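S.K.: Since the structure of chain G is provided, determine the placement of chains E and U on it from the hints.
Line by line, the protein sequences give chains G, E and U.
Per this note's numbering, residue 932 is the first one in the first sequence, and the count goes up by one each step.
Per this note's numbering, residue 205 is the first one in the second sequence, and the count goes up by one each step.
Per this note's numbering, residue 152 is the first one in the third sequence, and the count goes up by one each step.
No lab work stands behind these hints: they were computed from the structure.
All values derive from a computational prediction rather than experimental measurement.
We put the beta carbon where it would ideally sit given N, CA and C, even for glycine.
Take the hints with a grain of salt, since some may be wrong.
Below, a list of computed lysine-lysine pairs in the DSSO-like style, where the Cα atoms sit at most 27 Å apart [unchecked claim]: (1) E:K399 to E:K631; (2) G:K1044 to U:K313; (3) G:K1226 to E:K297; (4) G:K1226 to E:K610; (5) E:K363 to E:K399; (6) E:K644 to E:K312; (7) E:K297 to E:K538; (8) E:K413 to E:K638; (9) E:K537 to E:K631; (10) E:K538 to E:K312; (11) E:K610 to E:K631; (12) E:K537 to E:K638; (13) E:K538 to G:K1226; (14) G:K1226 to E:K537; (15) U:K430 to G:K1046; (16) E:K312 to E:K537; (17) U:K430 to G:K1150; (18) E:K537 to E:K297; (19) G:K1226 to E:K399; (20) G:K1226 to E:K546.
Now the in silico label distances, taken between C-beta atoms and shown as ranges [claimed, not checked]: (21) G:R1087 to E:D301: 30 to 40 Å; (22) G:I1064 to U:W315: 44 to 54 Å; (23) G:K1046 to U:T331: 24 to 34 Å; (24) E:L437 to G:V1242: 16 to 26 Å; (25) E:K631 to G:R1087: 49 to 59 Å; (26) G:Y1120 to U:H338: 34 to 44 Å; (27) U:T331 to G:Y1102: 51 to 61 Å; (28) G:V1266 to U:V204: 51 to 61 Å; (29) G:I1012 to U:I265: 58 to 68 Å; (30) G:K1070 to U:L425: 39 to 49 Å.
Residue strings, one per chain:
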Amino acid sequence: MKRPKLLNSKNIAILVVLAIAIVLPLFLRTNQYVLFLATTVLLYAVLASAWNIIGGMAGQLDLGAAAYVGLGAFTTGTLLIRFNLTPWVGMFIGALLAMGIATLIGIPLFGFKVKEVWYALSSSALVEVFRAIFMMWNKVGGPTERYLPFSAEGPRSWYLMRFNTYVPYFYIMLALLVVVFIINHRIRYSKLGYSLLALGEDEDAVEVLGVDSRLCKLKALMIYSFVAGLVGGVYGCIYGYLHPSFFSTDMSLEVVILGIVGGMGVTYGPLLAAIFLVSFREYLRASLSGMFPGKGLEGLYLMVYALILIVVALFQPRGIAPLIKRGFLKLKSFVGVK
Amino acid sequence: MSTKVLKVLFVVVMVGMMVLSACGPAPTPQVVEKQVEVTRIVEGQVQVVTATPEPVQKAELPKEIVVGVVQPLTGWATVFGQEGVIGAEMAIKHINDAGGIKSLGGLKLRMEVEDAGDKPDTAKLATESMINKHHPVAILGMYISRFVMAASEVTDREKVILIADALVPQVTQMGRQYLFRPGPTAWDHGALAYKFVREVAADNGVELKNMAVLNEDSANGRANTLGATEAALMDQFPVITALEYPYDITDATQIVQQLKAANPDVIIHTPYFNDAIVFGKAFKEVGYWPKFLMGAGACGYVDPASIEALGETAEGLAMTFSYNPAKNTPTNKKFVEEYVAKYGVIPTEGAGMNYYGAWVLAEALEKSGQMFPDDPLKPENLRAAFMALDLTSGPAVESYPSDHIKFDALGDNEYPGVIVLQVQNGKPVVVYPKEVAEAKPIFPNPHYKP
Amino acid sequence: MTETAIQGIITGVLMGMIYALIALGISIIFGVMNVVNFAHGDFVMFSMYLSYVLGTALVWDAVQTPLLTFPILLIFGLIVYYLIIDRTLRQLYVVQLAATVGLQIMMRAAALVIWRGQPRALQYSFIQGNFEIFGFQVLTSRFVAAVISLIFIAAVAYFMNKTWAGAAMRAASDDLDAATLMGVNYHRTYALTFALGSALTAIAGGLLMSFQQTDPVGGIRFGFLSWCVLALAGLGSIPGLIAAGAIVGVAESLQVTFFNPQGRLLAVYAIFILVLWLKPRGLFGRK
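Just chain G, with the same shape it has in the complex:
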């Protein structure tokens, strides 16, 4: 199958929507909350879309996202603090470092054929290992937060990638998302993509066909960890500090959940899931958590969220993407567009 073009004359809709997404901050700029929420949604969407390559396509349940994010953040931040290197460059060094470490770990991991739940657990252990290391490594990490320099406006603000508004972060994340989509799309219709998809189905059969499954998985892991490292660099700048708690198992789990709920291997699934779950969770938090002050009912919103998660997992095991697609097609036929 020939790879369909990501953009062509037929789907002007894409350009229109992209244009809308681009101008969106202009309308929202005074509403920092929604802008920040949109940025957070995009951030998780980028992570989950990158995860989609290794998790969704290749079927490797990687729980190490936070390890790469943390590495990216610490590299970028430390370079900025120590050597006054701008995060625009630092994030790429951080991403390369994350990718390098992922490769070093990936070679034996795939070489020894660590699979399924064991792969998930060992990548999850990676997060904890890095947290412990950075907690003890007082020169770079340590329990006391390290604060990134800040400048409210002017070129200095751009140099530090620290802004008084979320608009630039929004665009950075949007740009990353577009890039990750293109990567996803290209891989999906390349030899690597077919191999990965086949791997996700049946690893041994692919081996028989002469595909080097280790190399394929390693490539997927490298792309994924690179993107996660990039996101990490920006993540540190958004929050303005470095702390070993960036290596958080909860974050990894959240990324994986978005990937799964979105629909494994579907390019746009993670974005859908991020839009729904992240903003839904935030909506629940904002509306329910302060409702009964002092009554100890703050956990309620998490119960509602968990219930939704379980229901989606049980009754929509292929993710919400097919559901949306079906709904959209119905809508289209209802309107009468062909």
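M.R.: Chains E and U in isolation, oriented as in the chain G frame:
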């Protein structure tokens, strides 16, 4: 196939964004919105200009003043956050019962609560959402130092006062303009823990040769330990062992055995809530007690849960706190009585800090009303009022551990107060400083065997 | 030096037996049903809370509470199985992950709502104290906990090997289709397996409550550790599980004693990752 997919994708993006933008700006009370238009600087100085054409004209006051409380109400820091909300709620009730802010014509306060969760994402979102939806003049809380860090960037941008209850000293050292911390720092805690032990030992004629420091590995734990170590270094008092452990430790046996082998005379320990119980039980079970086991940093050992769980073992354990529940003043007594009646235990750190935090805010609003009758709620004015505060009496001081509240350039209190609570007969009592003590400290630790 | 090391090993081995008991629950659930329960650690947390509630209400000692928490957890396990796990059996294991992570968030939030965020602990247990063997200190509570854990591990081994229900479980684990043909109702077998695996956390919870406290996020401490134990042990080997528990306990204990308590799990994770690479079936795996 792909074009369809992409179409769907982008339509969904659009719809999602629209949903987001639609659900964001919640309908705000009209009056509050008016106040915001006048006082907040959005996108440059536009509003300042519109506010000044007629200098005589007074800025219109809202119907009530909104105070935001953003605390970790889910996740591992819940113990503190939930208490903090209760403390703030009671303070606001008391402020309103006492006639509100008198210099603003008896304006009442209203509390809004949001959960900061246990991640920086949620903490920052909570701050943004609080400011966006409720337009508070001030936010109380945050507790965890890295949340203060993330949130204070927001509050400084929006010029909302943040009254922090985190102890970590670095919090106020980033040049934030709108951040104030009435309470003491962790350094104060650690130093006082050390000073207390030395003083009481001298009073009881017990000779102390050395000490060990032990803390859970958070910013707060380390800062307490540094405070204590620094104070000891000044005295050239030897610190023979320093141990740091993760707060989610499952078994403290080895650490206690290590301490037993080092055998220091005093241990200054900064625990969180959970590990205090684990350590208390381990000390008892291993059968090792130093001459004195001193806590710093206002978490475990002396809180109701620890006393209940440790039973007789808790006897004699002491801990530094940033709030004095035994302070004999009308405001404080009223607060403690109501708290005990409602929850069955005395208020300690979280409730106390937010109680006086809210009162400090009330005093600052009062001051702002006197200083800037034309526009008391303008952030710059309110900040100036905070800086001008020099309290030696009144309800804020009545519930504060020291007798003086005055903010320095960093936003810290120049006269921080720390007290020591010790478990005596199963109840926490204030034993230090001597002027406010309810009872004489038990020294050495009752379980200590020479 | 050697003495400190031996002391650390003793402490570690004793603690490791409880890890083995918790891991046994995961082992039979994963081994028989091939179900990945990410919420297993939170079952421990839940049992500990139940122990706290019963211990305070009935003025029982922590070690007595499993008498009641065991049946409660058995029923709870059945409910969870029929509500959630049963529906995920035919799905990819990622779906199980999503569902059990949802369960995990749910249990933590429920604990937060029911018991507030306060850490809860029971009073000093009558098994707490210490005694000396050859000059090395042994904590009585850890010792008793280790012995009781071993007894229950042995009991489960007996149950799996000598009873019909156990044989059905093993059969289902070996070859589900064949077992179904032989008249094993796999739903019922699986339900029993899951309930038993969950109920084992009640024993561990009661034992842990004798010297520990619990809080809503406390489950994370045990969930991951028990997977490490299982990875080391491999599936299906009960003596292996005991040995793996001891290894994990000792690694943790020596790390705390000799290196830095901050990285208390580093050694465990290092062993875990190495074993996955070099012996993917565990050190003592049956299949």
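S.K.: For each hint, tell me whether it holds in the structure or not.
M.R.: Here is what the structure says about each hint:
1. At most 27 Å may separate the alpha-carbon atoms for a hinted pair to count; K399 (chain E) and K631 (chain E) meet this at roughly 23 Å.
2. Distance check on the hinted pair: K1044 (chain G) and K313 (chain U) sit about 35 Å apart at the alpha-carbon level, beyond 27 Å; violated.
3. For the proposed pair K1226 (chain G) and K297 (chain E), the alpha carbon gap of about 16 Å is at most 27 Å, so the pair holds.
4. Simply put, K1226 (chain G) and K610 (chain E) have alpha-carbon atoms about 34 Å apart, too far for the 27 Å limit, and the pair is violated.
5. Proximity of K363 (chain E) to K399 (chain E) is assessed by CA-CA distance (about 38 Å); at most 27 Å being required, the pair is judged violated.
6. Restraint check for K644 (chain E) and K312 (chain E): the C-alpha separation of about 42 Å exceeds 27 Å, so the hint is violated.
7. Taken as a hint, the K297 (chain E) and K538 (chain E) pair is honoured in the structure, with Cα atoms around 12 Å apart against an allowance of 27 Å.
8. The straight-line distance between the Cα atoms of K413 (chain E) and K638 (chain E) is roughly 24 Å, inside the 27 Å bound, and the hint therefore holds.
9. Pair hint K537 (chain E) plus K631 (chain E) holds up; C-alpha atoms about 17 Å apart against a cutoff of 27 Å.
10. Straight-line distance between C-alpha atoms of K538 (chain E) and K312 (chain E) comes to about 20 Å, which keeps the hinted pair within the 27 Å bound.
11. With a CA separation close to 32 Å, the supplied pair K610 (chain E) and K631 (chain E) exceeds the 27 Å bound.
12. Using a Cα cut-off of 27 Å, the hinted pair K537 (chain E) and K638 (chain E) holds, with the two alpha carbons roughly 19 Å apart.
13. For the hint pairing K538 (chain E) with K1226 (chain G), the CA-to-CA distance comes to about 21 Å; that is within 27 Å, so the pair holds.
14. Of the supplied pair hints, the one linking K1226 (chain G) and K537 (chain E) holds, its CA atoms being roughly 23 Å apart against a limit of 27 Å.
15. The straight-line distance between the Cα atoms of K430 (chain U) and K1046 (chain G) is roughly 12 Å, inside the 27 Å bound, and the hint therefore holds.
16. At most 27 Å may separate the alpha-carbon atoms for a hinted pair to count; K312 (chain E) and K537 (chain E) meet this at roughly 22 Å.
17. Among the hinted pairs, K430 (chain U) with K1150 (chain G) is consistent with the structure: their alpha-carbon atoms are about 24 Å apart, no more than 27 Å.
18. Between K537 (chain E) and K297 (chain E) the alpha-carbon distance is near 15 Å, which keeps this suggested pair within the 27 Å criterion.
19. Using a Cα cut-off of 27 Å, the hinted pair K1226 (chain G) and K399 (chain E) is violated, with the two alpha carbons roughly 39 Å apart.
20. Taking the CA atoms of K1226 (chain G) and K546 (chain E), the gap is near 12 Å; set against the 27 Å cutoff, the hint holds.
21. Separation of R1087 (chain G) from D301 (chain E) is about 49 Å and departs from the stated range, judged on CB atoms against 30 to 40 Å.
22. At about 50 Å, the CB distance of I1064 (chain G) to W315 (chain U) agrees with the hint of 44 to 54 Å.
23. At roughly 26 Å, the beta-carbon separation of K1046 (chain G) and T331 (chain U) lies within the given 24 to 34 Å, and the hint holds.
24. Distance hint check for L437 (chain E) and V1242 (chain G): the Cβ-Cβ separation is about 59 Å, which falls outside the suggested range of 16 to 26 Å.
25. Range check, K631 (chain E) to R1087 (chain G): about 56 Å between beta-carbon atoms, so the 49 to 59 Å window is met.
26. Look at Y1120 (chain G) against H338 (chain U): about 42 Å separates their beta carbons, and that is inside 34 to 44 Å.
27. Between T331 (chain U) and Y1102 (chain G), the C-beta spacing of about 57 Å keeps the proposed range 51 to 61 Å intact.
28. Distance hint for V1266 (chain G) and V204 (chain U): a CB-CB separation of about 57 Å, consistent with the stated range 51 to 61 Å.
29. I1012 (chain G) and I265 (chain U) have their C-beta atoms about 44 Å apart, which leaves the hinted 58 to 68 Å range violated.
30. For K1070 (chain G) paired with L425 (chain U), a C-beta distance near 27 Å fails the hint of 39 to 49 Å.
Violation of the numbered hints given earlier is confined to hints 2, 4, 5, 6, 11, 19, 21, 24, 29, 30; the remaining hints are satisfied by the structure.
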